[in-house]
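One-letter residues, chain by chain:
4 protein chains.
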Amino acid sequence: MESPFTGVIPPVVTPLDDAGNFDRASFDRVVNRMIDAGVHGLFFLGSSGEVVFSTDERRREIIAAAVETVAGRVPVLVGCIDTETNRVIEHARTAAELGADAIVATAPFYALGGVNEIERHFRKIHEAVDLPLFAYDIPVCVHVKLPGALLLKLGLDGVLAGVKDSSGDDVSFRFLARDNAAAGRPLTLLTGHEVVVDGAYMSGSDGCVPGLGNVDPAAYVRQWDAYRAGDWNTVRAEQDHLTELMRIVLVTTGAVGFGAGVGAFKTALMLLGVFSTNRMPEPVAALTGENLTAIAEVLRSCGLEPTIDPESAEIAPFAS
Amino acid sequence: MESPFTGVIPPVVTPLDDAGNFDRASFDRVVNRMIDAGVHGLFFLGSSGEVVFSTDERRREIIAAAVETVAGRVPVLVGCIDTETNRVIEHARTAAELGADAIVATAPFYALGGVNEIERHFRKIHEAVDLPLFAYDIPVCVHVKLPGALLLKLGLDGVLAGVKDSSGDDVSFRFLARDNAAAGRPLTLLTGHEVVVDGAYMSGSDGCVPGLGNVDPAAYVRQWDAYRAGDWNTVRAEQDHLTELMRIVLVTTGAVGFGAGVGAFKTALMLLGVFSTNRMPEPVAALTGENLTAIAEVLRSCGLEPTIDPESAEIAPFAS
Amino acid sequence: MESPFTGVIPPVVTPLDDAGNFDRASFDRVVNRMIDAGVHGLFFLGSSGEVVFSTDERRREIIAAAVETVAGRVPVLVGCIDTETNRVIEHARTAAELGADAIVATAPFYALGGVNEIERHFRKIHEAVDLPLFAYDIPVCVHVKLPGALLLKLGLDGVLAGVKDSSGDDVSFRFLARDNAAAGRPLTLLTGHEVVVDGAYMSGSDGCVPGLGNVDPAAYVRQWDAYRAGDWNTVRAEQDHLTELMRIVLVTTGAVGFGAGVGAFKTALMLLGVFSTNRMPEPVAALTGENLTAIAEVLRSCGLEPTIDPESAEIAPFAS
Amino acid sequence: MESPFTGVIPPVVTPLDDAGNFDRASFDRVVNRMIDAGVHGLFFLGSSGEVVFSTDERRREIIAAAVETVAGRVPVLVGCIDTETNRVIEHARTAAELGADAIVATAPFYALGGVNEIERHFRKIHEAVDLPLFAYDIPVCVHVKLPGALLLKLGLDGVLAGVKDSSGDDVSFRFLARDNAAAGRPLTLLTGHEVVVDGAYMSGSDGCVPGLGNVDPAAYVRQWDAYRAGDWNTVRAEQDHLTELMRIVLVTTGAVGFGAGVGAFKTALMLLGVFSTNRMPEPVAALTGENLTAIAEVLRSCGLEPTIDPESAEIAPFAS
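In order, the protein sequence lines correspond to chains A, B, C and D.
Read left to right, the first sequence gives residues 1 to 320 (UniProt numbering).
Read left to right, the second sequence gives residues 1 to 320 (UniProt numbering).
Read left to right, the third sequence gives residues 1 to 320 (UniProt numbering).
Read left to right, the fourth sequence gives residues 1 to 320 (UniProt numbering).
Treat the hints loosely; a few may be bogus.
When chains are identical, the list treats them as one kind, so a pair holds in a single copy or across two.
Derived pair list, reagent style DMTMM-like, types lysine to aspartate or glutamate, alpha-carbon separation capped at 25 angstroms [as the list claims (entries may be wrong)]:
1) Lys153 <-> Glu57
2) Lys153 <-> Glu244
3) Lys145 <-> Asp28
4) Lys153 <-> Asp23
5) Lys153 <-> Glu119
6) Lys153 <-> Asp225
7) Lys145 <-> Asp231
8) Lys153 <-> Asp179
These are computed hints drawn from the structure, not numbers from a lab.
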């Protein structure tokens, strides 16, 4: 039986309005646009869905909206990301109660731990909440790499349904994919890459979770279809297109990390008329001025025509 | 006017009972024992106070108990530690509402940011909550070092009341102490060191926040008094004693990070009859077996006689 | 005009005899075996060629043997790896004098520097020695990632002929490959990956420099041929085979880093009858005992039958 | 019997002339100035003595000059710093042959290793060369921290005579000092700190190796004398003075790492008339322009009057 969590599953970027509130209309637009493009699932409250910027109330608001807007058309995965086990379990219970189809959790972070703590963390979450559980491997945020052997063991024990790999460690991913295949595929393996998804498919990935999928979901869907059809030249050509599109992040100046990355996604979505603003959560500034022009130029050169004139957009860096 | 937040201000280790609930009786014992020993303040919900393991409800319970038990005898500092600004502000409002005297916050973590985000983070917290705000510099947990120049600027602007330095970067601390003195001491500087507090006093620290102060508060108070009296030989001799006592962490095997460090503090407090168990928060195992014997031996060799026989203590690693 | 440095260019592992001397007979065997298998170049004195373990005299001995044994059949690239510019230039002059076809240098290391120092370092080497110069991007050893923009600039300026990418940063590699193609391919881009070379080919790599190519050069050559022919399924199938073979490193216990990686390569070559021993340079221990059995088993399961019985091999960990 | 390697032992900064050659006259001045100020030893070819920038010939030139100029007035320690064991042994033999009194070596670097390799590395060096051997603990350059337990074991085994601690890990240093004292002081412990030497003395350091000692050796000697006399207030006051003087590094702009640090030392020595230029080794630029003015101002404010007008000094960043 195939996993219901394969294919293109973008992490949904969370729109805010100018006052910093959750912008439901923009949210519905971005969600519907991706489902219409053929994505196979949606991941809410991921790192780029600003989960760690969101209060409990905001998280609840987003999950409820997600379940309502998606309305069963594709699976809804919800990030339950917090520092340690009991806090994660609280989020997971909320997600379950509000109708999520699967939950996604990272290793514990902030407090220093080891592999024993990581293993027990996932086991306790699984015990507490009866939903498929994905491990989110994101060392750049939690500062530990999930060991492949542990992931496979937790998969075989029925604790984990899959892995969202944002480790950037493509060698470990290849070995995990080989080991998982040899073990009968207990885990569904999703790559968090945006610009080397073709390589991840070569390694045997069951799907992708690209933030850039918010901007051009159709290209990732075409790439997935080509992969399933064994048409590697199209897989590669779509990747080259998407790599060029990813330059919306590289052309920004003055912003770093989340502000540059998610900032560029939000700005592109605003320029394409999907988001009403590119407002960022506190304490992060929105991209402004020449960054908008630069992003518009990348979009245009990749065949995505902006509907908003970047020159006319008057953006304040922060909510008033 | 001298800061009310100088001297020995231990970060209070949070006792749990065997079921993993907050253990109020043990909490009162450890708090009263430290106040009786002469400490000058208490810091609740710090890293070693298991703040990131604590749900909102648990945090509320601890703050309320702290304010009630301390009853104004010393200032109550409360850690408002969470991933990003709005979540920290929620904790800070709770702390203020429950009667904290000061709040302590780290740089944002998990999401990737830069110095602009850090500056705005502290400014927004200060705007939102009218309590003295300490910056908690702890790169081992949040993976960024707070720049001295930023700290001083925020001090001069009245945003920060002080800094709790757990950076381990004693060179930066020395420069910050010199700069702060030259600027009229806008910041109260507290070292988070346990075994080189004498060096921090040489550098001009206004106090210390040692986790080990839960175990032997009197020695840190004697050291502080000697420092104020200019008696450096006693400062150093007390430090040598405390360094030997800190070996309770080094003698453990099989545990790492928080599990070894706070695990050893809890175990020592149990052996000294202050805590009823050494239960750790999920997903961390309690220290057991030979680790108890080893810790008891260190205590004894440092003149702190255990009242509990480590051989007879039957500890399960996790709550049942 | 196509670069003469494309295709499969393994970094040659350096054989030692039991006394720790350079083992010329084994060296000739491994070199000839790779050339016979169809490799397109050979890289001597790379990281896995134990360059940093080799005294000046040893380096000279290896380069002279390389040029003599290769005898013009394929290009000879020589690693000129040392801490700072003047020392690298000395090695580069020796390589030129002894007949190398190209030289390979890393960023400066040990002393702390920045991007200005890196740029000038490559420019001074290029000024001093008239041979094609490859930048070796290996942050795990030199603790800095070479920025793509700098590499491209040095390529366009004629300073660099190419890049050997062992950064593990496949995203940066993809962007560099795109930028290089757009700029008219001033750089020849070679991946140092062993287990995701297929992904590197998807990204547009001009070749590979796999240490594992010492063990199974023919498979990398078949993969390259398939890549040139657009036969992606074979590219992938060969990669899966080579990934399984790479487990010779993963099955070892008790060794780390260079000792495990190059140790496994040397041991496999010994078991296959190519090397006379698996002796390692001081201070690294040779693999012994069960590690030999485990490696033999991997070889066998990948269709490379050992000619030496691992049980009968009596290995002392160090030269006597 | 007390170690002959206690007290103030500055790492000698290596002067170059405008063409980049070793500047013997400046070298003699800086060496004699430090000996006249009362230092207890001199460490040549340390990190700040540009050892890793120096070819074998240059190293030989510096060691020979050192032995000749020092002429037995204080012990001569020589850094034998290179990537792996056999290369270090070559340097150590040269140092012994040229008359060094002790040698100093780091852990192996560049190639990845573990604690077993480090232990054997020091043992092989000690076997090869009959001179007191100091371990140089400098993780910022070699990317591994020497474990205290290993250092003590090598001390007790007679392999190591001492440790030069530039780890910045003052907690580990305190534990090592305590353990060393309890074991009968097999190791002489020297701190590489410049601005918290008072703290290191509190921890029981047997001396210091401060690069800043090139600039103001007399202050470090006064601090040492005060420490020996138990006059902690003077220890601290001299440290505060030296901390202010260390700002010569902090006031520079545009340079990083070695270029800023050693660049500032060389510039200060030039402004004080000790060095004839502040020329740096390739590929590092000399400090120029406003950096000279800023450094002159720090010197002046610390009571060291420049004899050279920073405005009139015409410095080219590189040798012509």
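At most 25 angstroms between C-alpha atoms: does lysine 153 with glutamate 119 qualify within a copy, between copies, both, or neither?
Answer is within: at 10 angstroms inside a copy they meet the 25 angstroms cutoff, but 35 angstroms across does not.
At most 25 angstroms between alpha carbons: which applies to lysine 153 and aspartate 225, within, between, both or neither?
neither (31 angstroms within a copy, 38 angstroms between copies)
Please sort lysine 153 with aspartate 23 into within, between, both or neither, judging by C-alpha distance up to 25 angstroms.
This pair counts as neither: shortest intra-copy Cα distance 41 angstroms, inter-copy 35 angstroms.
At most 25 angstroms between CA atoms: does that hold for lysine 145 and aspartate 231 within a copy, between copies, both, or neither?
neither (33 angstroms within a copy, 34 angstroms between copies)
Using 25 angstroms as the alpha-carbon threshold, which applies to lysine 153 and glutamate 244: within, between, both, or neither?
between (38 angstroms within a copy, 20 angstroms between copies)
Can you give me the call for lysine 145 and aspartate 28, within, between, both or neither, at a CA distance of at most 25 angstroms?
So lysine 145 and aspartate 28 fail the 25 angstroms test inside a copy (34 angstroms) and across (39 angstroms) alike.
Cα distance capped at 25 angstroms. Does lysine 153 pair with glutamate 57 within a copy, between copies, both, or neither?
neither (35 angstroms within a copy, 34 angstroms between copies)
Given a CA cutoff of 25 angstroms, do lysine 153 and aspartate 179 count as a within-copy pair, a between-copy pair, both, or neither?
within (11 angstroms within a copy, 41 angstroms between copies)
Checked against the numbered hints above, the structure breaks hints 1, 3, 4, 6 and 7 and satisfies the rest.
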